[in-house]
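*Asks:* The chain contents come next:
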Amino acid sequence: MNLTLYVWRQNGPEDKGKLEQYEAKNVSPDSSFLEMLDEVNQELIETGGDPIEFDNDCREGICGTCGCVINGQPHGPQEQTTACQLHMRQFSDGDTLTLEPWRASAFPVIKDLAVDRSALDNIIESGGYTSAYTGEVGEANQTLISKPDADYAMDAAECIGCGACVAACPNGSAMLFTSAKVAQLATLPQGKIEAVERVNGMTEAMLNAGFGNCSNHYECEATCPKGVSVKFIAKLNREYIKALPK
Amino acid sequence: MILDGKCPSGPIEKSWDKHCFDMKLVNPANKRKFKVIMVGTGLAGGAGAATLGELGYNVEAYCYQDSSRRAHSIAAQGGINAAKNYHNDGDSVFRLFYDTIKGGDFRAREADVWRLAQVSNNIIDQCVAQGVPFAREYSGLLANRSFGGAQVSRTFYARGQTGQQLLLGAYQALARQVKAGTVKLKPRTEMLDLVVVDGVAKGITYRDLTTGEIKSSWADAVVLATGGYVNVFYLSTNAMGCSVTAAWKAVKKGAYMANPCYTQIHPTCIPQSGDHQSKLTLMSESLRNDGRCWVPKRKEDCEKEPGDIAEDDRDYYLERKYPSFGNLAPRDIASRAAKEVCDEGRGVGPGKRGVYLDYESSIERVGEDTIRERYGNLFDMYEKITDENAYERPMRIYPAPHYSMGGLWVDYNCMTNVPGLFAIGEANFSVHGANRLGASALMQGLADGYFVIPNTISNYLAGVKPGEVTDEHPEFAKSREDVQARMDKLLNVNGKRSVSSFHRELGKIMWENVGMARSKESLTKALQAIPALREEFWQNVNVTGETGNRNGQLEDAGRVADFLEFAEVMTNDALNREESCGGHFRTEHQTEDGEAMRDDENFTYVAAWEYKGEGKAPELHKEPLKFENVKLAVRSYK
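Chains as they are written, first to last, in the working numbering: chain A, 11 to 256; chain B, 486 to 1123.
The following block holds chain A by itself, in its conformation from the complex:
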């Protein structure tokens, strides 16, 4: 396969940045999207060019490091698939692809396709945990958790923190990310005790970081590589209302 790429090149957060054209030649349909970029970089290195910087690590769709906007869609066209698990057979010979970083005011560009997502860590640091000291806990099976509750919590906990939801949202909202952790912990008995402080702390951190609010576009769910559902945003809103001073 041969493809034409338009790739966002930006030398740092202050640089203006622009799209540049590259040709990806003789791409194997069995290679992953990132392996295709590896080969483009390989050629850039051999011809004295500057390789494209992009974040990636596990390359099996779980660490949440990779991702860029491919033809307007975060992680590209395949449903529930991270960029590293997207394979080139999803495209056709002669296709043109435009590659951009996650665009959101809370995610400054570091270089090219790599962005700074530490705002997501700040949200977790603002309450996305239970305050269980190591060692000070009871026997695991003393607290029963119904299977539906455990499954619901797990559905939410599948979030990999990649930030595609933010990139897909016209408001640059991190509601899907935040709601996934709020919903997981609010559903489990271990997390219920601190539910009020958690939802207040995390939503405040979300707003302070410059993420927008949810206005029900559902682009986040559509783009989420783990299929995290917008029903958790409804749960977040319920938890938020429950936490309002009476």
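Don't take every hint at face value.
Said to hold, decoys possible - So the derived label-pair ranges between C-beta atoms look like this: (1) E790(B) / G22(A): 49 to 55 Å; (2) E868(B) / G82(A): 20 to 26 Å; (3) Q152(A) / E796(B): 46 to 52 Å.
Please keep in mind that the hints were generated in silico from the structure rather than gathered at the bench.
Only a predicted model underlies this, so the values are computations on that prediction, with no experimental measurement involved.
We treat Cβ as the ideally placed atom computed from N, Cα and C, and that holds for glycine.
Following the hints, put chain B in place on chain A, whose structure we already have.
*Replies:* Same frame as chain A, now just chain B:
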């Protein structure tokens, strides 16, 4: 030199409790005066940094990823072992201890393994309290599954994402400490030197991967939780950023590397499809609970569609060779068996390097929905990569480098031979012997992080004056100069070959000569090829970009340069160990039916290697292993 592991004496059942009581403590009010550096934030590092923070120490936690939530522990799929005996199937701390010692082919320290088995139950309690959404029964109780190398059901899991959920539990505990101000996170940094002052570890030098700055930080103790080194094979199941670099820098400052030849080749990975490939993808061992491994009995059937091969013409080779463990034979044995049938020309798929893992009979037995619930995400991942539907057609799998049992030599306190330098999780060598059982890596990471290091580091710090050496000390400036000089050296080669081409070539040398089967001949060949490749690297590598900026090529170049040195020590270890045990299979040492043959008389020891400089042979130090609670026996899974 004979090394002393400093294991506690007396009955093993009481060894850890007694040791905890015997260790010195640091007064709660004094803890905040001590600074501890944690390098790596996976299960061991994340759990350790969080717990040390909870105790009141000043912790700095470093990771190369952009967030501490992304360490490669996250990719562990299948589960975590614990001796809860919830199923009343005869499990106990002793059985978990025994299975781990036997699974490691009698090459691990008894006391360390006992401690691991003992705290395994606390880990599950801790994770549940953190809100880790483990799988549950309809009763509301925790669910279990079986894993290789065990005949009891002791593995706890969260769908196919157990590592992710456990890591997020540790990450959240860490986030809580960040908020409390006890832990400072340093993401996007890479440790590039260990600072040693008067023989004691006192800090690190690191590169800020965003700005390219070289900085140092002092501490009263340094803990490496930096994972394993199987990316030395280039293609492995490890993440792209996993490397031996942090551990290797410690080795160059005097720490010993123990049993580096013990590498785990995981039996169930997706076979390689072509030369473009950058990594291999693991399919959880839990798949072997319900999947059956087979290849055609006759070579000429290999090209046929699997559905066209009659039941009688299939060789379910694991069930045939190991009737009592069957498809749940331990990893090293299952991997070698797969290699064997492929070497016989009976492999399937591209290049005939693959075997089938078949769900047909399980789907008939329990239904497709149940299989989907158990392994749905794995089947999906398989389809994305191979474009094949494993509900309808058997998966193709082949072994791939996955885990390193070897690592930095540590004593019972997880301290290396360099005082003040600790190593935990996969970065040390201590509990898995020559082969790790499934669902034991998560157990070890969290055991070391939550329960071992918080105790043993206090014992060390109780004898240290806090802040005695800071980064004002001239060793720190010297360390930064050394690191900068190496960066400049890499950038100034200006050769013709890319970094990754060297990594690929090294990987090929290692996989072919120091892989699943090794011989004196292949190892000698590797020992000639590695230094030659290293020499070419330093003459002909092309590293683009500059130091003072984000530069992925420079990061990779540094890691590959370290692998090129480490690989030689690893090969020397494999050559020295004239026996077969666990993941280390020397073709000269096998039984008539092709099983590993240990030499207990001459090799019941830990081989700890001291680096003596480039071009010089590393020096071997031995730690004899004693078995007082388990009888040395031939490891049989028949």
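*Asks:* Give a verdict on every hint.
*Replies:* Going through the hints against the structure:
Restraint check, E790(B) to G22(A): a C-beta distance of roughly 54 Å satisfies the suggested window 49 to 55 Å. The given range of 20 to 26 Å is respected by E868(B) and G82(A), whose C-beta atoms sit roughly 25 Å from each other. For the hinted restraint 46 to 52 Å between Q152(A) and E796(B), the CB-CB distance of approximately 48 Å keeps it satisfied.
Hint compliance for this structure: every hint is met.
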